[in-house]
Amino acid sequence: MGLAIAVAAFLLIFQYLRYELSYDRFQSQADNIYRAAVEKEEDNGEIFKDAYTFPALGIAAKDEIPGVKDFFRLSPWANSYTIIYEDVKNNQPVSIKTDKAIFADAAFATYFSLQFIVGGNDSLLAKPGNVYISNGMAERYFGTEWNRKINPIGQTLLVYNSNHDAAMPFNVCGVYQNMPSNSHLQYEMIMTHSSLTNYLPKNVPDHIRSTIFDTNWGNYSWYTYLALEPNADPKVIETRLNELVARNRNANNLKESFFLQPIKDIHLRSQLANEASPNSSIINVYVMAGIGLLILILALVNYINLSIAGFLERTEEIGIRQIVGSKKHQVVAQLFTEAFIFNLLSIIIGWIISKISAPAMSHFTGFRFTPGSFNYAGGYLIFILFGLLLLGSVLASLYPSVMVASAKNMEKLKGHTAMTRRLRMNKYLLVFQFTVSIVLIIGTLINYKQISFMRNQDLGIDTDRIVVLEGPNAINQQVNFEQTVRRLRNEIASYPSIKQVSACSAVPGKVNVLSRPLFQLSRENEGAKEISEILVDQQYFSMLDVNFIAGHNFSEAAENNRQTVILNESAVSVLGFNSPQDAISQKVGYHWAGGVGECEVIGVVADFHQQSLKYSKEPIGFYNEHSSGDYMVKISSGQNPSQNISGALDLLENKWEELFPGNPFNYYFLDNFFEQQYSSDKRFGNIFTLFSVLGIFISCIGLFCLSVQSVAKRNKEIGIRKVNGAKISEVMAMLNKDFVKWVVIAFVIATPIAYYAMNKWLENFAYKTDLSWWIFALAGLLASGIAILTVSWQSWRAATRNPVEALRYE
63 MGLAIAVAAF
73 LLIFQYLRYE
83 LSYDRFQSQA
93 DNIYRAAVEK
103 EEDNGEIFKD
113 AYTFPALGIA
123 AKDEIPGVKD
133 FFRLSPWANS
143 YTIIYEDVKN
153 NQPVSIKTDK
163 AIFADAAFAT
173 YFSLQFIVGG
183 NDSLLAKPGN
193 VYISNGMAER
203 YFGTEWNRKI
213 NPIGQTLLVY
223 NSNHDAAMPF
233 NVCGVYQNMP
243 SNSHLQYEMI
253 MTHSSLTNYL
263 PKNVPDHIRS
273 TIFDTNWGNY
283 SWYTYLALEP
293 NADPKVIETR
303 LNELVARNRN
313 ANNLKESFFL
323 QPIKDIHLRS
333 QLANEASPNS
343 SIINVYVMAG
353 IGLLILILAL
363 VNYINLSIAG
373 FLERTEEIGI
383 RQIVGSKKHQ
393 VVAQLFTEAF
403 IFNLLSIIIG
413 WIISKISAPA
423 MSHFTGFRFT
433 PGSFNYAGGY
443 LIFILFGLLL
453 LGSVLASLYP
463 SVMVASAKNM
473 EKLKGHTAMT
483 RRLRMNKYLL
493 VFQFTVSIVL
503 IIGTLINYKQ
513 ISFMRNQDLG
523 IDTDRIVVLE
533 GPNAINQQVN
543 FEQTVRRLRN
553 EIASYPSIKQ
563 VSACSAVPGK
573 VNVLSRPLFQ
583 LSRENEGAKE
593 ISEILVDQQY
603 FSMLDVNFIA
613 GHNFSEAAEN
623 NRQTVILNES
633 AVSVLGFNSP
643 QDAISQKVGY
653 HWAGGVGECE
663 VIGVVADFHQ
673 QSLKYSKEPI
683 GFYNEHSSGD
693 YMVKISSGQN
703 PSQNISGALD
713 LLENKWEELF
723 PGNPFNYYFL
733 DNFFEQQYSS
743 DKRFGNIFTL
753 FSVLGIFISC
763 IGLFCLSVQS
773 VAKRNKEIGI
783 RKVNGAKISE
793 VMAMLNKDFV
803 KWVVIAFVIA
813 TPIAYYAMNK
823 WLENFAYKTD
833 LSWWIFALAG
843 LLASGIAILT
853 VSWQSWRAAT
863 RNPVEALRYE
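Read the sequence shown against my numbering and you will find it ends at 872, with the numbers running on by one and no gaps.
By construction, these hints were calculated from the structure, which means they are not laboratory data. A couple of the hints might just be wrong.
[Stated by the list, open to error] With a straight-line Cα cutoff of 30 Å, these simulated DSS-like cross-link-like pairs (lysine-lysine) come out:
(1) K159 to K124
(2) K744 to K775
(3) K189 to K124
(4) K124 to K317
(5) K799 to K789
(6) K803 to K511
(7) K102 to K679
(8) K778 to K789
(9) K803 to K775
[What the hints assert, rightly or not] Label pairs and their in silico Cβ distance ranges:
(10) G191 to Q648: 38 to 48 Å
(11) E618 to A351: 54 to 64 Å
(12) A228 to T277: 16 to 26 Å
(13) I811 to E126: 19 to 29 Å
Quick caveat, the model's predicted, so the values are computed rather than measured. Glycine included, every Cβ here is placed at the ideal spot set by N, Cα and C.
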């Protein structure tokens with residue numbers, strides 16, 4: 063049973079591994095597609111890695127670097143979009159809000175293997191005003207059986223965004239299958255990149271408008287992908303890419319370097335700021351692969367131990383068979399056949415268990431262990447199972463076969479007593495099993511401690527009892543948006559259950575797509591530094607309980623004014639100010655189409671975590687400007703908190719429908735939203751814990767079986783000791799001490815292994831817990847306790863048994 067359970071666990075883990083390793087490998091030219099990213103060194107020596115680059119990088123690389131075949135850019139442009147479709151048949155508009163929309167160059171459709179249901183000519187993505195939508199979005203607009211009822215090609219979607227740009231009509235020119243789940247890009251709407259020029263201010267001259275995105279070397283808000291020639295060397299391209307940037311940025315002292323990431327490596331080997339979607343880690347894959355192999359090895363060790371013990375009970379039988387004429391190779395063949403059949407049955411039962419347990423495993427771990435996920439295994443699975451069958455058969459029969467070949471017939475006839483001294487393997491294997499178990503226990507404890515550390519660490523902000531309303535995008539341009547927003551704030555703030563209201567372009571926990579290169583006006587020659595940009599109101603800092611270190615908040619009179627800025631501590635350091643106090647009243651500048659703009663630093667706030675503790679605190683500049691990105695509403699606690707929340711949500715929804723008709727009322731709680739950043743870590747923790755428990759359970763099965771055999775071999779000794787007056791506690795101590803000794807040896811071996819492995823795993827996190835000594839001590843105590851509990855039942859039965867029965871038996 064232990065081997066069957068191990069096979070089931072191995073099969074489930076194998077599904078997980080193959081799925082994680084399959085990311086983006088379905089792309090037809092995956093081997094030649096790379097994403098450009100940047101590594102920046104701040105003045106304080108801190109390294110900041112960003113997936114965003116500027117829009118001019120791709121086109122310049124194609125034109126000037128040999129080996130770059132093509133490029134495509136992706137730009138989110140805004141945090142969210144509201145898309146309205148006028149359903150003429152039902153005379154009712156359909157409104158959908160999404161944050162999975164992107165502007166893309168025409169080459170995207172060429173190199174990203176979209177599977178089109180209708181439409182989808184590559185050239186269509188080059189024309190302004192065209193859009194591809196996913197099958198999922200088509201079903202929401204046109205119905206689940208849209209391909210039978212309507213032709214979506216040519217239908218018009220009216221697109222609003224959270225930047226409050228004027229609504230733009232887009233024509234549907236293709237519907238594609240939902241992007242595969244094993245893709246690092248998960249967009250349901252792809253708009254033409256050339257359409258971005260429609261969002262530029264009207265006063266931008268036409269000659270600048272037509273080339274502004276192809277010549278912009280400063281705005282880090284684009285993903286840049288390069289398609290290389292098959293024989294191109296990525297390292298050479300990287301070198302020339304940095305030379306290209308140095309020539310065009312005119313800032314030789316900027317401490318930044320650009321590097322290329324193979325598209326197949328992004329999901330597992332990229333943990334950059336502004337990732338297109340949450341990524342996993344190759345360390346997690348290694349850890350799970352290790353656990354899967356260890357569980358399998360533990361089960362095989364159990365089986366080998368039991369095979370050896372069973373062989374000892376059969377030595378007389380084997381000796382007699384050889385005396386009456388059986389050849390040694392016939393005995394060895396019999397041992398191998400028996401092992402082969404046993405392993406085959408274990409694999410079949412394990413396969414059945416994995417199928418039956420898949421739904422429960424999916425619910426517990428959050429990973430879809432479905433029959434379809436076996437598809438990612440391909441032919442490897444059959445090969446591995448066949449190899450496992452042969453390996454298990456050989457290992458289980460090898461050691462007994464060697465003993466058969468080397469032992470004399472008379473030694474076999476005397477039974478296992480004469481051969482026991484020659485079999486020390488089971489003790490070594492037991493030490494190995496508990497070494498693995500202790501490593502798994504330590505890993506489970508540290509994993510839990512790290513997740514608890516991230517969840518309970520001071521974020522520098524207060525997220526409790528804050529409801530976030532996703533801001534309206536579909537705004538009638540004839541309506542004064544600022545007045546409507548002000549009315550919303552004033553009216554809902556008057557409700558007794560509402561404590562405070564604030565607006566911002568990106569709440570904590572959300573990836574911020576806005577950034578701006580800033581520099582001190584007095585040090586412009588040193589180059590601009592990329593600073594994230596969040597649009598806020600006066601209530602933002604008090605709402606989140608963010609402390610001012612220097613200066614002051616925005617004033618009511620300065621509302622919607624970009625001439626002032628509040629920086630956080632990291633931004634002050636990055637921009638080269640000596641201290642927060644020194645930054646106050648200083649001017650910082652930025653380049654834009656009209657020349658050089660400037661704004662005055664009026665305040666400095668303490669750093670806080672805009673994203674999870676996986677990432678370092680980023681430099682941020684806060685501007686006092688209206689934003690429909692998000693509205694944060696602080697709910698008062700009151701005497702009945704649950705009723706307050708429920709009542710407040712009803713009031714908010716009614717007011718929302720009154721002021722923003724046509725915009726869906728979407729809300730979430732800020733603390734829960736921030737927690738979602740750790741969902742992949744918690745899912746990995748659940749998987750790790752589950753399979754660790756399975757590994758420990760399998761070790762206990764082996765330990766229990768060995769304790770049964772150990773007691774059985776010492777029945778006579780136990781009987782004699784009891785006849786001579788030995789107490790029950792003395793007999794139990796005698797039987798348990800050897801097992802405890804092996805556990806202690808295993809603990810000594812496991813401790814440095816676990817320390818090294820978990821230290822490497824913690825390198826995935828910018829903020830991490832420490833490897834406390836008590837974790838290792840607790841793991842040792844748990845392992846000892848598990849071992850003692852496992853063997854004590856058999857020890858107690860042997861110690862309380864009537865010695866007369868034992869001596870009569872012997």
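Given the hinted pair K778 and K789, is their alpha-carbon gap at most 30 Å?
-> 16 Å, holds
For the pair supplied as a hint, K159 and K124, is the alpha-carbon distance within the 30 Å limit?
-> The given pair, whose Cα atoms are some 35 Å apart, is violated under the 30 Å limit.
Proposed proximity, K775 with K803 (alpha carbon, max 30 Å) = 19 Å, holds
Do the alpha carbons of K799 and K789 lie within 30 Å of each other, as the hint requires?
-> Holds, because 15 Å separates the two Cα atoms, which is no more than 30 Å.
Could you grab the alpha-carbon distance between K124 and K317 and see if it respects the 30 Å cut-off?
-> 24 Å, holds
Within a Cα-Cα threshold of 30 Å, do K102 and K679 meet the stated pairing?
-> The given pair, whose Cα atoms are some 14 Å apart, holds under the 30 Å limit.
With a cut-off of 30 Å on the C-alpha distance, tell me whether K744 and K775 pass.
-> 46 Å, violated
Take a look at whether the Cβ-Cβ distance between I811 and E126 falls inside 19 to 29 Å.
-> 57 Å, violated
Are the Cα positions of K189 and K124 separated by 30 Å at most?
-> Holds, at about 20 Å.
Can you let me know if the beta-carbon spacing of A228 and T277 is within 16 to 26 Å?
-> 24 Å, holds
With a cut-off of 30 Å on the C-alpha distance, tell me whether K803 and K511 pass.
-> 29 Å, holds
Take the C-beta atom of E618 and the C-beta atom of A351, compute their distance, and say whether it sits inside 54 to 64 Å.
-> 58 Å, holds
Going down the numbered hints, you'll see the structure goes against 1, 2 and 13, while the others check out.
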